[in-house]
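Enquirer: So the chains spell out like this:
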Amino acid sequence: MDILVVLWLRQMRRYVRSGSRLLGSLGQPILLLLALGYGIGAIYKRAGEGNYLQFLVPGIITQTVLLSAIFWGIIILQDKRFGFLAEMLVAPVSRLRILLGSAIGGATISIIQGTMVFFISFALGFRPHHWALVPAAFLVLVFMSIALTCFGAGLASMVEDFQGFQGINNLLVMPLFFLSGALYPLNNVPTFLRIISTCNPVTYMVDALRYLLAGQSHFGITKDLIIMTITFIVTLTFAVNRFNRIEI
Amino acid sequence: MADEKTIISAHDLVKRFGDVKAVNGISFEVKKGEIFAFLGPNGAGKSTTIKMLTTMLRPTSGELRLAGHDVTRERDSARKAFGIVFQDPSLDEELTAYENMDLHASLYSIPKSKRPARIQTLLELVELWNRHDSYVKTFSGGMRRRLEIARGLLHEPKILFLDEPTLGLDTQTRNLMWDYVQKLSHEKGMTIFFTTHYLEEAEAVAERIAIIDQGTIVASGTTTQLCKQTDTKTLEEAYLKLTGRTLRDESESGNNDGMNFKMALRNRRLR
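In order, the protein sequences belong to chains A and B.
The numbering of the first sequence is the working numbering, which starts it at 1 and goes up by one.
The numbering of the second sequence is the working numbering, which starts it at 1 and goes up by one.
To be clear, the hints were calculated from the coordinates, so they are not data collected in a lab.
The reader is advised that the hints may include incorrect statements.
Unchecked claim - DSSO-like mimics (lysine-lysine), calculated; alpha carbons at most 27 Å apart, straight line:
no., chain 1, residue 1, chain 2, residue 2
1, B, K158, B, K188
2, B, K188, B, K32
3, A, K80, B, K188
4, A, K80, B, K80
5, B, K233, B, K114
6, B, K183, B, K32
All values derive from a computational prediction rather than experimental measurement.
Please put together the full structure from these sequences, using the hints given.
Expert: If you want it as structure tokens, here you go:
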């Protein structure tokens with residue numbers, strides 16, 4: 001147990017000490033909330049769909065978690081490239097524990113970021129559908145943070161340098177976000193887009209969060225949770241598998 | 001096969017990367033308390049051997065024992081028996097010197113009660129105690145190396161691996177480091193296994209030397225023995241006679257160390 005706590009603490013220390021990263025990572029969601037929430041909000045209302053900010057916030061929280069989790073993978077990459085991983089890998093501790101301790105740290109960071117975006121949204125006028133469901137929404141946030149952090153860890157174990165990671169960001173993270181229904185309802189989109197979104201695991205995270213925070217859902221919470229569980233199992237297996245294969 | 005005084009033993013060790021045999025059936029023994037130098041040109045298989053010795057790479061075949069523990073089968077016991085200073089820096093720069101030490105103590109499950117005194121003693125020894133609360137990112141190359149040595153000793157290992165430990169250090173730090181390493185070996189009976197490209201260092205410090213080239217050990221013994229064998233006067237002459245004078249281009253030679261090749265590619269991509 002001790003070592004998991006220690007590795008978690010290491011991640012937390014690094015997070016708290018990197019003030020610029022902390023603020024920088026909140027800049028994008030705030031920008032999206034302001035520009036889209038208010039900008040598109042007016043048209044959205046005229047189209048008879050209701051309050052866009054209510055619709056948008058769960059999507060932006062998910063995006064924050066997604067970005068934060070994948071970005072956290074950079075720490076693994078840094079450890080790999082700048083040597084600290086070697087120190088951990090020759091220590092009498094199993095790789096699984098090293099991965100878990102670090103990943104729990106990464107997930108905690110994502111949870112904090114997601115929660116902060118929730119409060120920022122509240123300040124911008126967002127109101128949860130039912131306050132009683134907010135704790136459940138928090139659990140979903142925790143769950144998806146862990147799943148996406150595993151995804152980030154697995155990816156970081158695979159790539160060799162930062163340029164490669166940048167490529168992943170453009171080729172993977174952006175599509176996962178834009179094609180997840182985070183920004184628009186899936187009811188009226190063209191069929192091809194709906195099919196792509198249905199295949200995107202992030203879609204179900206957005207949908208679950210939206211159900212719990214805004215009272216709107218496309219797939220229903222049961223389906224969302226089932227697919228999130230599958231996603232979690234797959235990403236965890238992926239992370240363990242890739243991390244075990246790292247050779248320095 | 002090995003008597004009681006042997007602390008590192010490699011028997012017919014092979015590591016293959018695809019078709020390339022980076023290490024091709026090497027055998028050697030290091031005695032308890034010995035200072036042992038492992039020399040060879042770039043891409044000869046030095047790093048691959050150290051990686052196998054320190055459990056970072058699994059040997060393709062052969063047997064490897066550290067302090068009586070089989071490196072592949074009793075990995076964690078073997079890991080506790082050695083400390084290592086890597087060729088590349090391996091500190092967490094975002095943490096302080098003390099935090100780096102403390103993290104290491106946790107990784108090696110050193111009891112909490114013993115940590116503060118031990119960390120202080122070691123940091124004083126490498127003359128970093130007055131900077132124990134500073135972030136490692138503010139340290140110079142020499143200070144980092146010293147911290148890494150202190151860290152490698154924290155769990156009181158029987159064997160200390162030093163992979164090109166003096167690379168990029170100034171003469172003062174280098175001399176200080178070797179003085180200290182020799183003291184460790186003589187006073188505490190610690191076994192030292194190191195690689196270097198500075199032959200004068202090996203000549204001055206090492207009690208025994210093995211020279212590896214193209215994945216096989218071409219000669220081993222004391223400096224005197226090596227000179228006698230090759231009919232030369234200095235270790236450098238003996239070394240050059242044994243390994244040839246041609247340059248080793250890691251990325252083009254067919255028979256090289258696969259890991260270094262991968263690294264070279266990786267570095268080129270980074271530029």
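Enquirer: Could you run down the list of hints and mark each one as holding or not?
Expert: Verification of the supplied hints:
no. : hint               : result
1   : B:K158 with B:K188 : holds, 9 Å
2   : B:K188 with B:K32  : holds, 11 Å
3   : A:K80 with B:K188  : violated, 33 Å
4   : A:K80 with B:K80   : holds, 22 Å
5   : B:K233 with B:K114 : violated, 49 Å
6   : B:K183 with B:K32  : holds, 15 Å
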